[in-house]
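Student: Residue-level listing of the chains:
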Amino acid sequence: MSSYIANTENEVKEMLAVLKISSIEDLFQDIKPRHAPQSFDVPQGKSEFEVVQHLRGLAAKNLSGIIPFLGGGYYDHYVPAAVSALASRGEFYTAYTPYQSECSQGTLQALYEYQSSICTLTGMEVSNASLYDGGSALYEAVMMALRITKRTKVVMSAGVSPIYRKILKTYTYNLNFDFQESSVVHGHSNREEIYKLLDKDTACVVLQNPNFFGAVDDHSDIVNKAREKNILVIESVYPVSLGLLKTPGEMDVDIVTGEGQSLGLPLNFGGPYLGFIATKKKYIRKLPGRIVGETTDIHGQRCFVNTLQAREQHIRREKATSNICTNVALCALQAVIYMALIGKQGFKELAQLNLDKAEFAKKVLDEIKGVEVKKGTPTFNEFTVALSRDASEVTEAMIEKGFAAGFPLGRYYPDMARHMIIAVTEKRTRQEILDFAGALDAVLNG
Amino acid sequence: MELIFEKSVEGRQGYRNPCGDIPTRTQLPSGLLRKNECDLPEVSELEVVRHYTNLSQLNFSLDTHFYPLGSCTMKYNPKFTESVAQIPGFSELHPLLPQLRNGEKFTQGALEVLYNMDCLLCEITGMDAFTMQPLAGAHGELTGVMMMAAYHNAKGNKKKYILVPDSAHGTNPATAATVGYEIISIPSDAHGVMDMGILKQKLSHEVAGVMLTSPNTHGVFNPQIDQVAELVHAVDGLMYYDGANLNAVLARCRPGDVGFDIVHINLHKTFGTPHGGGGPGSGPVGVKESLTRFLPISRVEKKADDTYSLNYDYPDSIGYIASLYGNFSIILRAYAYILMLGKEGLMAVSDHAVLNANYIQKRLKPYYKVAYDRICMHECVLSAENQASQGVHAVDIAKFLIDKGIHPPTVYFPLTVKESIMIEPTETESKRTMDLFIQAMIEADALSKKDPDRFKVLPQTTPVTRPDEVRAARELKTNYFQ
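One line per chain: the protein sequences are A and B, in this order. Just so we're aligned, residue 1 is where the first sequence starts under my numbering, counting upward by one. Just so we're aligned, residue 447 is where the second sequence starts under my numbering, counting upward by one.
Quick caveat, the hints were computed from the structure, so don't treat them as lab data. For glycine and all other residues, C-beta sits at the position ideal for the given N, C-alpha and C. Where hints are given, some of them may not hold.
Stated by the list, open to error - Footprint (simulated), chain A over chain B, 3 or more residues, beta carbon under 8 Å:
1) 646–658
2) 865–877
Unchecked claim - One-sided and incomplete, this derived list gives chain A residues near chain B with beta-carbon spacing under 10 Å:
3) Met15
4) Ala95
5) Tyr195
6) Leu198
7) Lys200
8) Val336
9) Val373
10) Gly376
11) Tyr413
12) Asn445
13) Gly446
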C-alpha cells in the first residue's frame, strides 16, 4: 500500500471484528448511492522515484542560473544553511498550532523571540506571531485602523506596492470604504495631496518605506499632521532596510507591516512568505492573529502561551478581529533563526552592503547612454531608472543575456513605460554589476 | 529555557556577510538613519543551532508523537515532499519573472505544477475550476465568500445573511462577517447534523448562502446533504463547502456532485503537507461553472501550443486576493503527494481514516460518553461529562495524555458538545499506536474515579506544567524588550 497506511490486512480484520461489521464499506452507509462521484479520474499512483523524476523534469523547465536584479518587494538575499537545517527539524515542522502549551514550548518560545525581534527591528512595542504575507498584513492593518477609529476613509500613497493596493481593493469591495490615492512627487509621498485628503472621516494614511520606486523617506511630518486629526499612520517596510533606516517606531507610526520574505525565506515562486505586523501596546487588543505571551506555570517557572485568544475566531466567531486561523509559524521560525544568525552587528553590515552595492550600480548604470538613474531622493537597495526605450522590451532582451534586469513599471504605472526598478542585494558582486551594465549598454546602444 | 537574547554577548558574531567588493561606503543623510540600536542577539552559529535544536525538543510533533488532534488531520507528512520542495529550480524562482514580457517561458515548470493541480483538484472535488492563490484555509473561505458576494451583486440579488451550523469552525462565521454578511447560526439535531426544520424556517431570499463542512465537525456525514442544496438553491443561495474534512470522503462523495458551488481545500489536511507549528497552510478554492468568471486573477492557463501562461484578463474577477500565485512550495508538496498516492491511494486514505476513528470510538464507548452514538467518519467526538462529574475535565485528560507521550486530541471543540474530546487518528497511524492511546484513555477514566485531584498537577514529564493563562493575558508581556 502506497498511502503511508500502516494497518495490515490482519489488523483491519481485527478492527472490523471489534466494530462487528464485515467490511469497511459498512462504515460509509450515510453516503447514499445518489451521492457517489460522477467520476474520479485521478491517475494511478507512482513510486517516490517516479514522482521525483517528474518534478525534477518540471524544475528543469524553469530558468535557472539567471542573475537577478529583480526585486519589486521580493529579494534575492543569501539564506545561511543553518536556517533550513533547523527549520527542517520534524519537531518544528510537523507540529501544529501550540494549543497545548506544555508540549509546544519550543514553538511558543521561538514565536515569542520572533515577536521580540520584529519589535526591536521596527522600533515598535508589540508584534503578533505572523500573518500570511506582506499584502495580507497590510490589509489586516487597514482593517485594524478602521476598527480603532470607527471611520471609513483610507488615504494611500501611490508609492505603496501596486500589488498590495490591488489586494486592498479586492478585500474591501463589499464594505463601502472610501479609498483615496495620493500621488508621488520626485519619488516621495506627495505631502500636499495627502494633507488635503485628511478629514474627520479618515481612519488612516498608508505609506511604504522605501516605497515601490525605492525612495527612502522620513514620514515623521505626515505622522504629526495625521495626529492632529486622530488619524492613524500605517507603514509597510522592507525589513532588511531597517538595519540602517529610521524605524517606524522612531517616526511614531501606529501600525507597521511588511513582507518578511527577505528574512531568510527562499523566493519559492511566491510563497510561502511571511507577513509581519507590529503596533503600539495600546492597540494590542485590536491586533489580528495569534500572539504569544510570557507567563509562569504552577511551579513559578517562566513559560509561554498563546494569549488574548478572546480576539480570535475560534472563540469569538463572527465578532473576531480577523478570520485568520493558521498563520505562518514555520516562516516566522525561519525569520527568527535568520535574524539570530545574522545578529546585531551583521544586520547593520548587511544593510550597508546592500546600500553600497546599489549605489555602485547606480553610478555605473548612470554612465550608460539611454539610462537615467532617477536622483533627488535617497534610495536603499532598489532604485528607478528611465530608459531610452520601452522597459519591457529591455528586460526581455536582458533575459536572453542572462539577467533578470528589473521590474518594468509600465505594468502598474501606465505613464512610466520607459521606467524600471532595479534591485541590488548583497549577493551581487562588483563583477556581476559591471557585466550587467555592459549587457544593458549592448541592449540599448549595441 | 533561556531566551536567545539572554545568551547574547556583546561583540560576538555568528555570521560573515559576503565580502564588500565595493570600495566606497555610502552615507545616507543622518535624518534618514535609525538612532536606536536594533538589539538582535549577538551569538555564535553553534549557539543558534543548539538553542533552536533544544527548543525543538520541547515540542510534541507528528514525527515524534501520536497527534490525534481532531479537525486538524495530523497525518504523516512524507519526507520526499520536503525534498522536492527544495529543488533549486523551484525554490530559487523569482515570482515576478513571469510578469516580465515573455517571462512566462522561463517559469513553465512552475506554471505547469499550478495548472496540473487545478485539474487534479477539479477531478477530486467535482468542481469546474480552481484558484491556487489562497494562502490558508481561512483565506480560501474569504476568497470563496467574496466570490459569493460577486455572484449576487452581478445578479442584482439583495442578500444579507449567511447560514452557518453551530458545529462549524469559527473561521466560517468570522469570514462571512469579514465580507459584510450577517450570520444566522443553525443548531444541530439529535443526529449531529444541521436541523432541517430550522434551516427551512431561516431560509429566505435574503440568504446569500450556507457554509457547511461535510462530514461535519461532529464527524457525521449528513445523508440529506443534496436536499439541503436543493432548498438553498431554490432561494438562489449558494452552497459553500469547507473542505476541512474532505479527507473522509475521497472518491466516495465529491462536493461538486451533491450541490456545492464553492469549495475550499486545506492542502495541509487532506493532502499531507506539514502544519509547520501553525502554518503556512494553503487553501485552494474551486467553483462551479456559474462562478468561474469571478475567480481571482491571475489564472494559470494552458495554451494551444501546450505552454502555460498567466491570464489577468477577467473583467468580472474579484481581483487580487494574494500578491502572487499562492503558497507555491506547499502546493508543490501536495502535488507530489497526490501523484504518488494516485486514485487507489486516495481512496485508501478515507477508508483507513474512517476505520481508525470508528475503532477508537467503539473501544472508548464503555468509558466515555459518545457525543453522537452512531458510525462516525474520520473523527469521533467524545465527551468527558462523566469524568467531569468527578471533577476531571477534558483539559485534565489532555494533560494526563501528555504524560503518556501522546499529544492530546482537540478539546472544547466543537462548541456544541460539553467537555468535548475530538479524536482524529488519521489513516497513517497503526492499530498498535491506537491501542496504546486507547489504553491511556481508559487509565485516565479509571484515575478520574480513584484520584481526581491528581490531575491538577499534570503533566509532570514536560518542562512546564499548567501555564497561568490568566496572568499572561493580564500582564501582556509579548516582547522581551518591553
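Student: All hints are to be evaluated individually against the structure, with a verdict given for each.
Tutor: Here's how the hints hold up against the structure:
1. Restraint check on the stretch 646–658 of chain B versus chain A: 0 residues with Cβ-Cβ distances below 8 Å, three needed, restraint violated.
2. Counting residues of the stretch 865–877 of chain B whose CB lies closer than 8 Å to any CB of chain A gives 5, which reaches the minimum of 3, so the coverage claim holds.
3. Below 10 Å, beta-carbon pairs count as interface contacts, and Met15 of chain A has one with chain B at about 4 Å; its hint therefore holds.
4. Here the hint on Ala95 of chain A is kept, as its CB sits about 4 Å from the closest CB of chain B, short of 10 Å.
5. The criterion of a C-beta within 10 Å of any C-beta in chain B is not met by Tyr195 of chain A, whose closest approach is roughly 20 Å, and the hint is violated.
6. Residue-level restraint check for Leu198 of chain A is violated (minimum Cβ-Cβ distance to chain B is 23 Å; threshold 10 Å).
7. For Lys200 of chain A, the shortest C-beta to C-beta distance to chain B is roughly 23 Å, which exceeds 10 Å, and the interface hint is violated.
8. Hint status for Val336 of chain A: holds, given a least beta-carbon distance of 8 Å to chain B, under 10 Å.
9. Hint on Val373 of chain A is violated. Least Cβ distance to chain B is approximately 14 Å, over the 10 Å limit.
10. Among the interface hints, the one on Gly376 of chain A is violated; its C-beta lies about 13 Å from the nearest C-beta in chain B, farther than the 10 Å criterion.
11. The interface hint given for Tyr413 of chain A is violated, since its Cβ lies 14 Å from the closest Cβ of chain B, which is over the 10 Å cut-off.
12. Given the 10 Å rule on beta carbons, the hint for Asn445 of chain A is violated: about 20 Å separates it from the nearest Cβ of chain B.
13. Violation of the interface hint for Gly446 of chain A is found here, the shortest Cβ-Cβ separation to chain B being roughly 19 Å, above the 10 Å cut-off.
Of the numbered hints listed earlier, those contradicted by the structure are 1, 5, 6, 7, 9, 10, 11, 12 and 13.
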